[in-house]
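S.K.: As a plain string of letters, each chain reads:
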Amino acid sequence: MPGKLKVKIVAGRHLPVMDRASDLTDAFVEVKFGNTTFKTDVYLKSLNPQWNSEWFKFEVDDEDLQDEPLQITVLDHDTYSANDAIGKVYIDIDPLLYSEAATVISGWFPIYDTIHGIRGEINVVVKVDLFNDLNRFRQSSCGVKFFCTTSIPKCYRAVIIHGFVEELVVNEDPEYQWIDRIRTPRASNEARQRLISLMSGELQRKIGLKVLEMRGNAVVGYLQCFDLEGESGLVVRAIGTACTLDKLSSPAAFLPACSSPSKEMKESPLVHPPSHGCRSTHNSPIHTATGSRLTQNFSVSVPTLIYTGMGSGSAGKEGGPFKALLRQQTQSALEQRGGSPHRFCRRREFPFFTLTAFPPGFLVHVGGVVSARSVKLLDRIHNPDEPETRDAWWAEIRQEIKSHAKALGCHAVVGYSESTSICEEVCILSASGTAAVLNPRFLQDGTMEGCLEQRLEENLPAGCGFCHIPYDELNMPFPAHLTYCYNCRKQKVPDVLFTTIDLPIDATVIGKGCLIQARLCRLKKKAQAEANATAISNLLPFMEYEVHTQLMNKLKLKGMNALFGLRIQITVGENMLMGLASATGVYLAALPTPGGIQIAGKTPNDGSYEQHISHMQKKINDTIAKNKELYEISPPDISEEIIGSPIPEPRQRSRLLRSQSESSDEVTELDLSHGKKDAFVLEIDDTDAMEDVHSLLTDVPPPSGFYSCNTEIMPGINNWTSEIQMFTSVRVIRLSSLNLTNQALNKNFNDLCENLLKSLYFKLRSMIPCCLCHVNFTVSLPEDELIQVTVTAVAITFDKNQALQTAKTHVEKSLQRASTDNEELLQFPLELCSDSLPSHPFPPAKEHLESASSNSGIPAAQRATSVDYSSFADRCSSWIELIKLKAQTIRRGSIKTTVTVEKASPMGEGNFRNRSTPPCANSTVGVVKMTPLSFIPGAKITKYLGIINMFFIRETTSLREEGGVSGFLHAFIAEVFAMVRAHVAALGGNAVVSYIMKQCVFMENPNKNQAQCLINVSGDAVVFVRESELEVVSTQQPTTNCPPSCAGGEVTT
Amino acid sequence: MTSELDIFVGNTTLIDEDVYRLWLDGYSVSDAVALRVRSGILEQTGATAAVLQSDTMDHYRTFHMLERLLHAPPKLLHQLIFQIPPSRQALLIERYYAFDEAFVREVLGKKLSKGTKKDLDDISTKTGITLKSCRRQFDNFKRVFKVVEEMRGSLVDNIQQHFLLSDRLARDYAAIVFFANNRFETGKKKLQYLSFGDFAYCAELMIQNWTLGAVGEAPTHPDSQVDDMDVDLDKEFLQDLKELKMLVADKDLLDLHKSLVCTALRGKLGVFSEMEANFKNLSRGLVNVAAKLTHNKDVRDLFVDLVEKFVEPCRSDHWPLSDVRLFLNQYSASVHSLDGFRHQALWDRYMGTLRGCLLRLYHD
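Top to bottom, those sequences are chains E and S. According to UniProt numbering, the first sequence holds residues 1 to 1053 in order. According to UniProt numbering, the second sequence holds residues 1 to 364 in order.
Incorrect hints may have been included.
[To be verified] Computed list of lysine-lysine pairs in DSS-like fashion (alpha-carbon distance at most 27 Å, straight line):
#1 S:K189 / S:K142
#2 E:K45 / S:K146
#3 S:K268 / S:K142
#4 S:K114 / S:K297
#5 S:K117 / S:K251
#6 E:K747 / E:K626
#7 S:K111 / S:K142
#8 S:K118 / S:K188
#9 E:K45 / S:K75
#10 S:K126 / E:K8
#11 S:K142 / S:K117
#12 E:K45 / S:K142
[What the hints assert, rightly or not] Stretches of chain E that chain S covers, calculated by requiring three or more beta carbons in the stretch to come under 8 Å of a beta carbon on chain S:
#13 928 to 936
#14 970 to 978
Hints are computed from structural coordinates only; laboratory data are not their basis. Even for Gly, the Cβ is constructed at its ideal location relative to N, Cα and C.
With these hints in hand, go ahead and build the complete structure from the sequences.
M.R.: Structure follows, in structure tokens:
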């Protein structure tokens, strides 16, 4: 009996009227955990019942604690008939199971009903007493921490990064069980919600066990997904990166691990050997369907593409996916000849990492994007306890990814993710990541020892090392155009680099980045089963190829040479396939200047045609020039001879040259002759190609003052202010079925995405200057003629004046960035040790701090003043305060409840007495920030409280009355946000970071006036403190030693 | 290609003040879009009409969802669904409960019933305010009325607590509730020149001095069910007002009063002769208004009577406002020197308020 769960039901408020006669409600509460149920008394005739119950105690195994959600049901008592349910609250008690997270869950939770939505709130207190014999129970994995964040969480240090963990569990979907025909929609929805909650608990526990086996203590980059396979069942799967994390508590432990990047570099014994090359290819090995599988488990493995930059001038001329396929074949041949320079010496099956950002020095080289897809036919899962089929499917794909990485001369895959797209019985499984060479020092001992041997004792050049090719130049499996690195001049780099990870902090970037999207639709005949799967798998390589071409074209059009955060989503529908690739384009200083795009016509004799072509060419050139100006891309001008020279120039000379060019402020003009040299040739040989060129030019840049990217941070902007706005936007369009051609489809889809972006820019115009970060598009095809696009992103304001300042030379910028990063890393231990170790030698850090603050130029106070409301509003809020105070003193009933809220909220007074008027002190409801990023600008995360992973279903049979589909979904998403915020607040947190809406499945039947929607969200609940407040605390209390854990402890007690 | 669904949900609810105003003013989405286009927003932002349409729809949907909460503003503060900064919450509430001068003049003093609600069509046509907006304003009046009608304590405080309105707006609502409860006639033609502000001013004075709440703890019968202390006029006080009748009924008293006033004002008043000539009429008018207040019907006509019996006669003689003030001050004060008159306190309670009202009502 290793745990005791204690629950207290305090009160309810804003309950719905359940008795029409009295306009009141006789509410009571059922508290259920596992098979045990407790009930409160009935609180008669009130919409604001005060139950103030005893502590309900559940004595349970910790295995159950991990799997089961606490289920709280609010009901209306009825003497003569069955009690009516008002709604439910599911509370995941997992955060209470590890010592460093929350110690109590206490607060107001929205009471949720799948038919009516939120109906009032209930105040609940939950505690867990764990007994100390946890280790005996091998079925549970209490104590393993989970993070959605795809980097090492801010207040931790990675001791060892163990590697990939994955697990999946399957079950029958309650919605498709026979009993569903006789039960109410509400019962069916609740069964589903409960089952998924249970399954994700189980999944998390199982992953935790694997982590313990690996001797880790945490999972970072935890990504859990649901596959609603319909008739064939429900799959919950998760991947993550097992780590051993150390809480940063003493500066001594902190410093050696990841202090300044430059220092790290110097210490690092790792340099890539000269034999390494870099690789950029769009490479597609096709595995044809194996006949044996066709019988029961139909499976088609789809050509996989390895992206990197395309060789210069190649795409158009070589044309066609067939060439790519050919290339792939040669690649595999090469691979067999022993292309991989590394001897693999691995203990883990898959050297994958779901992380997208790394401790400095961790990432040595990046090869390129590797991805694999396979089309499967779903069949009923016969035995839920043996999910072997699904496991095998994923194992296959992962194997493929691994071999692609190997072909790129890499021993690891970073920024790894998996996804599915399901339509009826066809399922596309996709996996992608970035092939990379990692510094073995961080990995589990001996995992990658093979690579270590090859390293030379030489310093890695800062800011460009990761660009250097990891593969063998002579055995390149695809044609790539290599040059010597423009930064260090010593190693080879590809002309273009694609990755799925975030931009490394130490990367040297010129100008700003921008969101680049490739969008594509392909019609497909409706077909059944195998025929359908075959048709899809035949289409896939063409789509991948075209998506890649589009990305490449758009990248060149922007005058940039690298993509980060690349995410390609292929969605399957009844009669079409959609491809959407999003990435953030940047100009890496280490890579060569991209050539222009050159258009070549097929019929050179036709005069008017020629003219047309040259007109197009001019337009393209203009666009490139405009984009370069827009994104402030002014790379140092390096003379031809150096570029062309096969011999590496002496280091000093190149450096000299660079510094000269850097000091010149002139924007390099677009040189056409230069463009000719390694321009990207687009051949216009048919109308399709024409369309492509046109579509290239239709993408409108965001209005001035707006930037967008899909990575964590925007390259070139580092002066964020504290105002953030996370949002979700959903659009569904209906295609007219008459003229469904590929072109029309493409145009519709393109317009849909572009209009959506335009709407976002308009809506958020008050935040200018601002940047949309982590823009995440999801496409689904809910019905024949419907396309649904869901976007989640965060808008962050930044300081314009400082932006100008940063637009100097890139070297200075990178320095600044490095130093701000140092500030981030160092400030904390500094404060901690300030008095306990007053004489601690810390000169470099202080210097960094100072330089950082002087660099950032703007005083902290100025940065903090973000929200500027009209004076009218200010007055309003002040008197509203007064009134509330009065109201509280008058109505004693309400005082009690407000007090509880404040206690639960970390923003309550007691924690930081010195802070300047906290924003939420004005309101009884504490503000909870939500962001898809792993950080909060201008603030420091002091504590991770646990993972938030919630699944909701909402259904309506009165769609019109609820404002149609838009009204229905708008309300539902607002409710989901509210429930996430309430859970975070109850844990004692004030923000969710790494928030993601993983699923938003919307189905409607307007004829029946019905609609249903499923939403799955996750993120990390955290406590953050504004940096300005931290400073206040540290300056005003110089004599008290206050470790962060203690500060966090205060919050929840 | 048609948009089936198009939504935007922020973690912090976006409130566009301009769109909120259009929504409050009762414009349909398409009208609002047209108005926004006309404001030049497209040129400023480079947006398209489609974007504007979608944005407006979004805001309207949000406001529609918020409206339920705005009906009970404390709910807006405690609800969890919309995360809105406190200053924005205050703005939402304040604007929602704001009303149009033209509209309030039409409904002021009318019974807030279904019957009046049916007349909103006419009011809308007459004032040019959209029917939707009229309905919102009317419903606001009625909602506030229903909540505070039966409540003890200060009317303004009650309104502030239950609707979280600013002090100014709460006072206005107190006036509206007070007028609605006492059904003062404000719509007569001769009252058209008066603004809502004039009436609200009078209402405040009357609430302060003429209601049960004004007396304090309702001391005479502490256990009686006098709930609406601020809303109802003090019946006892109104009964007592009959006693003032002797000021005009008693010929000697009236003459004495007149001579006291005239002596004091001689040389100080530009319209002295007119005053002297009219004194008895004016005094009779003022005292008779007091004496009649026992009947509900006459209470309702209070303002009509004041204008007829005092404002109009003075105005026809072109009294300047300063003279009216001098006269009224002297008129009230001189009563203290009337030895035969015993109801000094009563007179002060009546005249103090009436003087304030008359001075406010006396303008063109």
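S.K.: Each hint: holds or not?
M.R.: How the hints compare with the structure:
{"no.": "1", "hint": "S:K189 / S:K142", "in the structure": "holds (25 Å)"}
{"no.": "2", "hint": "E:K45 / S:K146", "in the structure": "holds (21 Å)"}
{"no.": "3", "hint": "S:K268 / S:K142", "in the structure": "violated (48 Å)"}
{"no.": "4", "hint": "S:K114 / S:K297", "in the structure": "holds (22 Å)"}
{"no.": "5", "hint": "S:K117 / S:K251", "in the structure": "violated (49 Å)"}
{"no.": "6", "hint": "E:K747 / E:K626", "in the structure": "holds (24 Å)"}
{"no.": "7", "hint": "S:K111 / S:K142", "in the structure": "holds (9 Å)"}
{"no.": "8", "hint": "S:K118 / S:K188", "in the structure": "holds (20 Å)"}
{"no.": "9", "hint": "E:K45 / S:K75", "in the structure": "holds (19 Å)"}
{"no.": "10", "hint": "S:K126 / E:K8", "in the structure": "violated (59 Å)"}
{"no.": "11", "hint": "S:K142 / S:K117", "in the structure": "holds (10 Å)"}
{"no.": "12", "hint": "E:K45 / S:K142", "in the structure": "holds (26 Å)"}
{"no.": "13", "hint": "928 to 936", "in the structure": "holds (count 3)"}
{"no.": "14", "hint": "970 to 978", "in the structure": "holds (count 7)"}
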